[in-house]
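Protein chains in written order, with our numbering: chain U, 25 to 835; chain D, 559 to 721; chain R, 173 to 462.
None of these hints come from the bench; they were simulated from the model. Check before you lean on any hint, since a few could be wrong.
Here are the simulated lysine-lysine pairs, BS3-like style, with alpha carbons at most 25 Å apart [said to hold, decoys possible]:
id	chain 1	residue 1	chain 2	residue 2
1	U	696	R	420
2	U	612	U	59
3	R	420	U	826
4	U	696	R	361
5	U	823	R	361
6	U	208	U	105
7	R	201	R	334
One-letter residues, chain by chain:
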Amino acid sequence: MPQLEDRKEHHSELAEGVSARVSTTDQVQIKTPAKICGMGHRKKRKEDPRFIQGKGNYVDDVKLPGMLYMDIVRSPYAHAKIKSIDASAALEMEGVVAVITGEDLKAAGNLHWMPTLMSDTQMVLPIDKVVYYAQEVCAVIATSRYVAADAIEQVFVDYEPLDAVVDPFEALKDEVIVRDDKEKKTNHIWHWEAGDKAATDAVLKDAATVVKEKLYIPRIHVSSIETCGMVANYNKAREHMQIYMTSQAPHAHRTVFALVSGLPEHKIQIISPDIGGGFGGKVPVYPGYVICAVASLVTGKPVKWIEDRSENLQADSFARDYHIEAEMAANEDGKITGLRVKTLSDCGAADAAANPSKFPAGLYSICTGSYDMKAAHIEVDGVYTTKPPGGVAYRCSFRVTEAVHMIERMTDIMAHQLGEDPADFRLKNFIRPDQFPYKSPTGWEYDSGNYEGALKKAMEMIDYRALRQEQKEMRAKGELMGIGISSFTEVVGAGPSKDYDILGIKMFDSAEIRIHPTGKAMARFGTKSQGQGHETTYAQIIAEELGLPSDDIEVEEGDTDTAPYGLGTYASRSTPTAGAAAAMAARKIKAKAKKIAAHLLEVGEEDLEWNVDRFQVKGSPDQAKTIQEIAFAAYTNHPQGMEAGLEAVDYYDPPNLTFPFGSYICVVDIDKGTGEVKIRRFVAVDDCGHIINPMIVEGQIHGGLTMGLAPAMYEEIVYDENGQNLSGTFADYLLPTAVESPKWELGKTITPSPHHPIGAKGVGESPTVGAPPAIANAVVDALWHLGVRHIDIPITPQKVWKLLRDNGVTD
Amino acid sequence: MSNHEITLTINGETVTRTVEARTLLVHFIREDLSLTGTHIGCDTTSCGACTVLVDGKPVKSCTMFAVQAEGADIETIESLAAGGSLHPLQEGFWEKHGLQCGYCTPGMIMSAKGFLAEHPNPTEDEIRHGISGNLCRCTGYNKIVEAIQYAAEKLQSAEAGGE
Amino acid sequence: MIPGAFDYHSPRTLDEALSLLQKHAGEAKILAGGQSLIPAMRFRLAMPPILVDINRLDDLRYVEERGDHLAIGAMTREHALEDSQVVRSSYPLLHDTARVIADPLVRNQATVGGNIAHADPANDHPATMLAYHATVIAKGPSGERKIPIDDFFTGLFENAMKEDEILTEIRIPKPGANSGGAYTKLERKVGDYAISAAAVQLRLDGGTIAEARIGLTNVSAVPMRARAAEAELLGKSVSDAVIEAAGKAAAGECDPSPDLRGTIEYKRDMTRVMVKRSIHKAIARAKGGN
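Input sequences plus hints: build the corresponding full structure.
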């Protein structure tokens with residue numbers, strides 16, 4: 025892990041407001057009146073009227089004249105040679121326009137391969153072999169969806185099945201080589217380390233207590249309710265490619281398309297319209313997108329491709345799939361001293377993870393979590409298997425979920441092993457508030473935190489001590505009740521340009537604000553909301569900074585022709601990066617506004633002070649110019665020598681990441697007959713720094729908690745020994761409904777980020793990261809006295825039942 | 559393969575179209591009638607994004623052929639604010655932040671409309687079971703439940719006021 | 173996921189439907205609620221060349237007591253069972269069952285006849301109808317015949333009806349005094365097919381179990397009665413030991429397949445637990461409880 029240097033001096037003139045030493049409150053700060061509705065207001069979302077009336081505009085809603093439809097022939101084998109593809113019957117069908125194969129893409133300029141985000145390569149369409157079940161084999165273009173679906177049944181592919189390798193540990197033996205296109209005939213892809221090995225080994229050697237556990241964080245799928253899709257519209261006369269695409273990162277995708285296709289970047293327009301959920305699944309470039317774009321180039325017509333759910337589940341990027349072996353050390357006083365972790369990352373048939381380029385295991389080395397310890401050492405190895413490629417977020421900032429699950433499980437195991445209460449054990453081992461900014465043993469600089477504050481609040485909300493008493497009484501009666509805690513630290517907002525890039529493009533993000541003469545504004549961003557409510561929250565940030573009513577600010581994202589360049593929305597980075605850019609651009613405007621106000625009021629700039637929505641003369645607040653008056657003057661009466669207009673753009677390069685945190689407590693009751701786990705209560709105290717819109721933050725936390733519940737108890741992509749996906753539909757890949765999802769109880773503390781212009785940290789993913797170990801810890805807590813030390817997620821009734829029966833418990 | 563002329567009422571308007579027998583009702587609504595508020599989220603009758611009311615009952619329009627809707631009265635999300643003002647459910651979803659990406663929302667609202675017609679004064683548990691055929695990936699459901707409670711109260715008091 | 177093409181017929185009368193079946197023997201498939209068939213067609217696991225849609229046969233939609241039985245028209249939607257006052261008050265096993273079939277949207281379309289005729293051991297009604305000792309009425313060109321439920325399920329997705337017959341009605345005998353029934357289902361999540369489920373219908377005579385029938389869901393290739401479990405109950409005084417013995421017998425006689433819902437061992441033990449829970453509830457109901 026590269027050391028982070030202090031880069032706080034950047035933007036120092038404009039980065040006002042938040043000092044390096046921060047304190048914690050639980051009151052949301054509101055500085056603007058309701059008519060302006062800046063930060064802290066529970067503003068109803070500006071984007072909602074169109075959605076609640078069925079007037080959203082998603083990719084599948086785009087209909088262009090003469091549009092063709094694409095459907096994809098997929099492999100029934102996880103690993104097979106392709107002997108031949110016979111598309112003649114399909115081509116004879118009425119309405120079939122073209123069949124595109126790997127050979128066609130090769131002929132079109134070696135488009136049959138494409139780079140992944142991790143600088144690996146991935147097949148777009150195969151020439152000689154397939155390497156995962158449901159892999160794209162060829163595509164049919166037809167005049168209707170229905171004809172295309174009929175035609176893929178008439179493409180006959182002759183396969184010679186090869187041995188699949190599904191288990192990554194088997195893959196390491198190199199008996200079956202997944203990527204024989206590579207020079208090195210091995211399935212091992214990379215090895216990565218963080219921390220100090222010698223120091224860690226020494227700490228573990230001298231420890232009073234060491235606990236060791238194997239954990240598997242299974243392969244899961246984001247399953248946004250909208251699948252992926254595209255409408256590609258190539259205009260031969262203009263040599264212009266217009267693309268509507270389910271994209272979380274339209275600018276980055278434009279650049280990738282330009283690099284791969286050779287089309288000039290100014291001739292590519294990517295429009296990411298309303299997006300029906302992303303969660304990381306709409307960050308990668310999938311083969312279907314490339315084929316669809318090529319189909320439009322070839323036919324000269326608009327081509328639509330919309331995935332079926334089963335295609336989405338079976339072929340699109342997965343998340344997690346980490347096999348972890350962890351050891352934690354503690355001294356005689358029950359203080360954690362060290363952590364040693366070895367991990368195998370099952371990448372599937374290509375390393376197509378959506379990580380910053382220098383971080384093959386993402387931000388996994390954050391895994392010392394909320395605890396102060398002397399030493400840690402992390403090793404991760406990536407390996408190919410005959411499964412779909414990927415490694416996306418699933419509402420997580422680059423592998424933080426895996427890190428948090430491991431450290432929170434290990435902490436609980438250690439507490440139980442030492443016979444200490446898991447809450448008291450955490451309170452004893454937390455990084456203290458006075459230790460921030462805190463340098464972690466793996467090289468991170470945590471910006472701010474108050475971990476004991478959050479845990480104490482959660483304990484109070486749920487009446488923790490009373491629950492422990494009740495647990496004792498229930499256990500005496502033979503009933504199984506468990507209490508689980510997770511005190512997680514997140515790391516979001518990638519990231520500082522020194523260390524963070526994707527395919528070389530630095531991970532800044534951008535905002536552009538234009539104020540019209542009548543005091544209304546247009547703001548455009550390099551990010552792309554998929555439900556996070558950017559149209560509302562960005563407007564609130566600008567309202568806070570400039571005093572314009574947030575209703576007077578139109579926020580636009582997702583059109584690469586109009587929006588400033590940015591890296592997109594994922595990994596909870598929008599508020600830390602583009603949200604900061606919004607504040608910084610507004611401050612640039614404010615600086616110019618001050619000059620205009622001084623001109624209008626005929627005073628010096630130094631005589632002016634800002635008051636919510638106006639500059640006023642110090643000591644005589646009656647002498648003032650509102651932002652609207654200033655905006656009008658910017659076009660009608662600006663000082664001689666000054667450029668007209670009132671607009672600014674900011675490309676924000678964050679000086680550090682932000683470190684949201686929280687403490688969750690979960691109470692479960694276990695059915696001894698069936699092994700079912702019933703979540704009785706779940707209290708979540710989150711701290712994401714300053715809050716832009718409390719209602720939206722609550723919504724993000726609720727949603728994140730349910731997406732934490734999902735892999736903890738329900739979801740897993742399961743393969744058989746031949747690499748066939750057994751959970752490839754919503755009938756077997758089990759998204760929680762309103763019945764499974766508990767009534768979440770929320771609390772908050774507010775510890776601002778000292779380096780972020782508005783002190784905010786990002787929140788969308790914290791609960792997905794924090795919730796699974798709280799649930800797992802609760803289940804193990806209920807069973808520890810039976811001799812149970814660990815249970816892998818998803819915690820299905822069958823797994824619990826097996827532990828119960830193995831330990832002699834029945835109904 | 560047979561084609562059929564069908565006549566039905568959609569959002570109060572009578573339409574006649576010729577459809578292939580296998581045309582799914584959801585495709586008929588979205589493609590033939592260009593009412594794109596109704597969405598598609600799965601292949602297995604699991605997600606409920608395509609929920610519409612057929613003769614007052616919420617059903618999954620991906621699991622019905624258009625030809626079966628001959629003579630039926632269909633309501634989609636586009637019908638709710640037809641009078642110019644939002645339906646209490648739409649209001650509730652907006653007020654209570656019952657949506658994020660908005661993709662499941664039309665189906666969720668139509669499902670809730672059918673549910674409230676039969677359960678005007680529901681408990682939280684009844685609401686949760688009532689919308690268990692609709693998946694939402696964004697909200698965690700708490701605020702959807704609150705949105706439906708908001709609408710139930712509003713509809714109840716409108717009814718009480720009208721008597 | 174688009175179904176293959178087919179010819180579609182929508183008869184207005186039962187006779188018209190029957191003659192279509194005769195005319196297109198071997199090709200025609202009946203479309204009832206469609207909640208299993210249409211997804212199968214979308215995946216092209218089913219590609220019937222001809223569909224005979226019987227949703228216009230409104231005469232086949234009723235739930236009412238007639239003489240000594242409850243008569244359920246085959247095209248009755250599941251939600252109608254949930255809403256039915258007579259089902260709620262007098263057929264709690266049936267009410268339990270209707271409420272846990274798939275989800276409320278599916279139940280607005282799915283039909284009782286379709287659920288049974290599909291002969292899917294994962295469906296919920298077969299076990300319930302076995303426990304009720306129901307009778308299936310099938311109508312064909314040569315008239316109507318009564319098929320005892322014990323003879324109805326002949327294989328996986330196979331039933332005792334002929335190709336040219338239509339299931340028109342299900343008859344459930346009116347439970348006698350001191351009867352009770354219950355359906356208990358273990359699901360991976362709400363609306364899922366059962367890991368295991370048990371339908372129990374019994375009658376008490378004082379403290380003794382005078383009659384008992386038990387049907388099991390999704391733990392055999394063909395919907396099955398748990399006859400050994402029934403035998404453990406018959407003539408016995410109610411006790412935890414007797415109920416446990418019945419549960420164990422059911423666990424032994426079922427024949428589950430391993431899949432994502434669980435191992436054979438788990439499914440057998442869950443059958444034991446579901447049977448026990450249904451018996452407890454059925455007994456409580458027979459004694460006048462809920």
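Exercise. Which hint numbers does the structure go against, in order from smallest to largest?
Worked result: Hint check: nothing fails, all pass.
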